[in-house]
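> Sequence:
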Amino acid sequence: DEQERVQKKTFTNWMNTYLCQHDPPIKVEDLFSDIKNGLVLLSLLEVLTGEKLPKEKGAKMKKIHFVSNITCALNFLEKKKIKLVNINPSDIADGKPTIVLGLIWMIILYLQIEQITEQTQSQETADGAPAVKKGPKESVKKALLNWTTNAVTKHYGIPVTDFGKSWRDGVAFNAMIHNIRPDLVDLERTKRQPAKVNLEYAFSTAEVQLGIPRLIDAEDVDVPKPDEKSIMTYVAQFLKAYPEAGEDPEVRKKRKSANTPEAELQQFQDLLKWLESAEETLQIIYQPLTDRDPEYLEFMAFKVQYDVEYKVYRSLKQKILSKKSLKLTLEDYKMLQERWLSVQKKIHLWLLKLDRSLPGEVGAFSEWLYKAEEFLERNLDVVEDPNKMILKIHGLTVEHQELFKDLPTYSTFFAKIKSQGVYQGEKLPSAQIEHMHGRLQQVTNLVPDKMSMLTFQKSRFGILVFLDQTEAKYKEWSKKFSSRQNVHQLQEDYQDFVVQGGIDKIYQSTSTTLKSTANVYLKTEVGNENSDDIHEFIQCCDERWNKLYNDIETSGKVLDESAEYWKQHDVLNQKLNAWLSDAQKALQKPSPEKQNFFQDLPDWQEHHKTYNEACFYLADVVEPLVIAKMNHEMERINQAFRDIVISYHQYLEDLRGEEAQSYKDGVTEVAVWLTRTNEFLNKTIPCTQKSLENYEAELDVSSKEVSDMEHKLKSTTRTGHSLAKTSPRESVDQILETLKKYTETFKSNKKSIAEKIKYVKILLPNIESFEHGMTAINAWLDIGESLIQEHELNENFDKVENWLEAHKEHFSQTENQKSVLESKGKLLHKMASHKSKLKVVDFEPPQILLQTTTARFQTLNSSASESEKKLEEAFQLWQLYCQRYQQMDDWIEQAREVLADSDDDIPDLIKKHKKFFDGNTGDVLWKDFHESSIQLLRLIPGYEAPQINETVNKTKNKLKELESQIPARQMYLEFHYKKSHFHDSINEAKVIVEQNRQKLASGDHAEEALQKHKKYFTDSFYTSHEAQLESMHQICFDFSSLDRQNQTLTTEYDKLDSEWKSLRKVINTSQVELKQLPKRWEQYSIRLEVFSQKISRMELLLIEMQKKSLPDDEYQKVYSEFQEMQKDMDKYGEEAKWLSQNLNNLLEDTEDKSLQKESNNLKIILEKFNNLKPGVVEISSKSLIFTKCFQFRDDLDRKSHWLEETHRAIVEIPYVDRLEDAQTMLHEHEVSL
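Under full-length UniProt numbering, read the sequence shown as residues 1 to 1233, first letter to last.
What the hints contain is simulated information worked out from the structure, not anything from laboratory work. Just so we're clear, the structure is a prediction, and the values are computed from it rather than from any experiment. Certain hints may be false.
What the hints assert, rightly or not - With a cut-off of at most 20 Å between alpha-carbon atoms, the simulated PhoX-like pairs for lysine-lysine come out as follows:
{"id": "1", "residue 1": "1173", "residue 2": "1094"}
{"id": "2", "residue 1": "346", "residue 2": "334"}
{"id": "3", "residue 1": "165", "residue 2": "141"}
{"id": "4", "residue 1": "664", "residue 2": "714"}
The task is simple: from the sequences and hints, build the whole structure.
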């Protein structure tokens, strides 16, 4: 997809900007293909990190090697703490686009963008900006976006909120360039330009003027959804090249004000002044301690000031040592460092003075703590001799182990006294003890760091000692040799040291130890600060060793080669001296013996050459005095060897004079004949009858010369063999080679002449038959082409028939001519079968003739068929034209009848009108008729065209006339259809109004009539009729626009509109009459008053029934009335609904706003009614209990009254003086009981 394409291009361009730095340079052409073997991926990681990675190479790499390389790369990334999710080596080896793009994006994100943003943030932090916490991928994106915001938004107010649409118009890119080089961009102009113009200008300007690689193009960004990853990758190039462009404006302002020579010098001078005052303050260390606590507070205050000044000191130190200082020199730093270290030491002594004042073992502990801090802060002074450095480091290591062996004991002791706060009865100062605790913790943390530093330094100088010793050995092996024995001794030394000693394994082991100790050391704060130097040292050591080891291997090869060449020199020197002595004697002997001795001269010439090569090689590797003796001996042997060879060659030249001339004449004659025969045997002969006849004559002449030339060749061969006996080896080879070549050529030519005569005789009759047949066919083709050219379709129809008959008569022979042509093709194919025997015969002319004739035949055959087809097509088109004209004319007549139909049934007319005209039948018929006329006009003669065009135009005018009548007729019918419906609806409304008036007049069902009136005459009734009128009005308007003279529909519409307005007035008047507002208000008021009285009575009953003092008989009366009213509660509810509904209707119908207060009155009464319901229910549920309670109370009152009366009767016993009275009282008393 588009996103994949853009990412692929961007990532490829990004990789190439780094891979061009590789040795050798690499260029990725197709990312998905080139990455498969893993070599490009490993090379990219090497350039990005500066680390060397192992690779599987070779011309015949397979997928297993690809996966191995990719796995190595992925493991390397995981060691860099880069999380790779769902990235499989096999998928990369297969070149899967999604996986490949995901992997490259992770490399870009974490090995470039994250590193650059971290460097920028660390620089800003050093300059006073707040630090940004390192986070995952989103934090990297946020950091880059923050940098971009500083570079663009805060400077120019251009919003950049993402890495997508914010960049689409190109303004942000141009603003970033303007931030770096204001002279390159007119920002106001960019805001008015198209996006592509801005983008193209930004990318090209950044590449040419700022050196920013062009990773993307304008068309990649000017899209609805630009690719975020591609834009982030490109923007990161600006961050890498110009990090200061995205610096926070406030930070930049502060940095610029502080980064001036004057400000730097002022910092330096202020620091020196403080150091002077500090020296004065620190004189206190030489004074006795009088009061520890105040002096300790004074020390801590001084320490705070010291920490502040330390930051200034460290900043100046970094600037001077990194050569970024604007004013200060290295001498200034040395002076500053000396004074600073003096103050630092005195501060430690002051602290020691204070700590010593602590009681007993605490003071002794402070002595140890001071020594520990002093040891940990002590820098390692480096000397040039690595051996001395190893001894020094060893001493420091022993000191370290001795000093810190009791660290656990001291830690336990201090923890104990700190927790107690008292030692030997003396209270310890808490602030000072807390400070000592912090120092102890720091010492505890720094002890392993110090040991890791010493271990690393020991490994570092150990590898330097090893390299120095190895280089010294190499220099011994590379010196000039003094003798052959000296070479053997150095070979043995090399074998013992390099091969037997396993020097490469020793280095690899030492290097592994160094890297292991370095990794531990790098985890410390100090090691991390020097990480670049450590990595650079390790890399330099590896590079130094690789070069040295290559040189050592070369020196080993030189030793072996020198020993071998020295051996050859000594052996050949002895052999050559002996041969030279024998050769001098052989030159004086007779010819046969002389030739016999020098027959192996080439072997001795090879020995002589090897001897010289040995001398030349040894000249570069042996001492000058030795090579001088060798050169003198070599020159003597060379001179003697040259003299003997020259003498022997002179002897041979004299011997072969006469034989050479005879041999030369014979060879020349044979060569001339062979050359002549070769020329005509190899001469290309066109395969035509005349050419073959001439060639046959030449072959006959050469055949007659063969016998004489064969005799001459044999004679010359014998002379050559004789001459070879006295010739040197080089001449012998030349003579024999020449004779052999001429003999073989002669035999070949002799055989070739005989074969060619045979096959030419076979070929001649066939080519004669072929040419005769092709001539006849071409004559037939000429006549056919003439026929087609003479008769074209622009002729009159009367001539077409004659032309057609002639055409058919001539081309009736087509199959016969085709058969002849095919037979000649077969004949040519048969002749071509002799091509291997007659290679000089060029069969191309007959083949061309056959191809040309075949092409003409096919072209003519095609043209003939096409011409006949066009004529028949013309007749068919005439027939089609007439048929469609008749259909068009019939349809027009039917359309006129439909438009003229005046049936009274308007819906039926509309239906008939739509059925006929809505099918586009007329358009289809016209289109078919018009197309048939166009097709016919393409073929018919010119004089027929005006008549057809006139018929087409008349038909077109008829159709236009119909099309102008159709809409008006349709509008007319639609208007009257809508008018009919509108009339029916109005009449129905009039009936409803009249019925309601009659009900109102009779006095019955007035309210029912009003509801019926409202239900019928709703808003939708008016809206519907208004819409119908509007629709009819639009039809009138459209109808008038078609025919402005015809105002029939407009008049009818005006009548309908007037009738509608009249009806609305009647409806409104009827509605007012039906409302009967006074009567309805009177009825409502009466029923409301009755309902209100009943509610008030119910409230009083509830209050009465809850009175405790109410007598039982009165309660029974109230309760009876309450029960009667409770039975009517449902009726009261119905009455409440009636009142609410009727009040709403009245308020809706009335126009007097003052009556709206009735709604509040009813609301109050209804609230009372609703509030009564819970009380009624509650009283009803408790009424039985209340009745029993009242009865119980009355009964209790009666009994109480009886008791009181009885008690009074008992207590108040009257005086009785008669028995009768006593008996009567007794009886009453018994009755009472």
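> Hint by hint, note whether the structure agrees.
Taking the hints in turn, this is what the structure says about them:
1. The hinted pair formed by residue 1173 and residue 1094 meets the criterion: a straight-line CA distance of about 13 Å does not exceed 20 Å.
2. As the CA atoms of residue 346 and residue 334 are separated by approximately 19 Å, the hinted pair is consistent with the 20 Å bound.
3. Between residue 165 and residue 141 the CA atoms are separated by roughly 16 Å; this keeps the pair inside 20 Å, and the hint holds.
4. Restraint check for residue 664 and residue 714: satisfied, since their Cα atoms lie roughly 14 Å apart, inside the 20 Å limit.
This entry satisfies every hint, going by the numbered hints stated previously.
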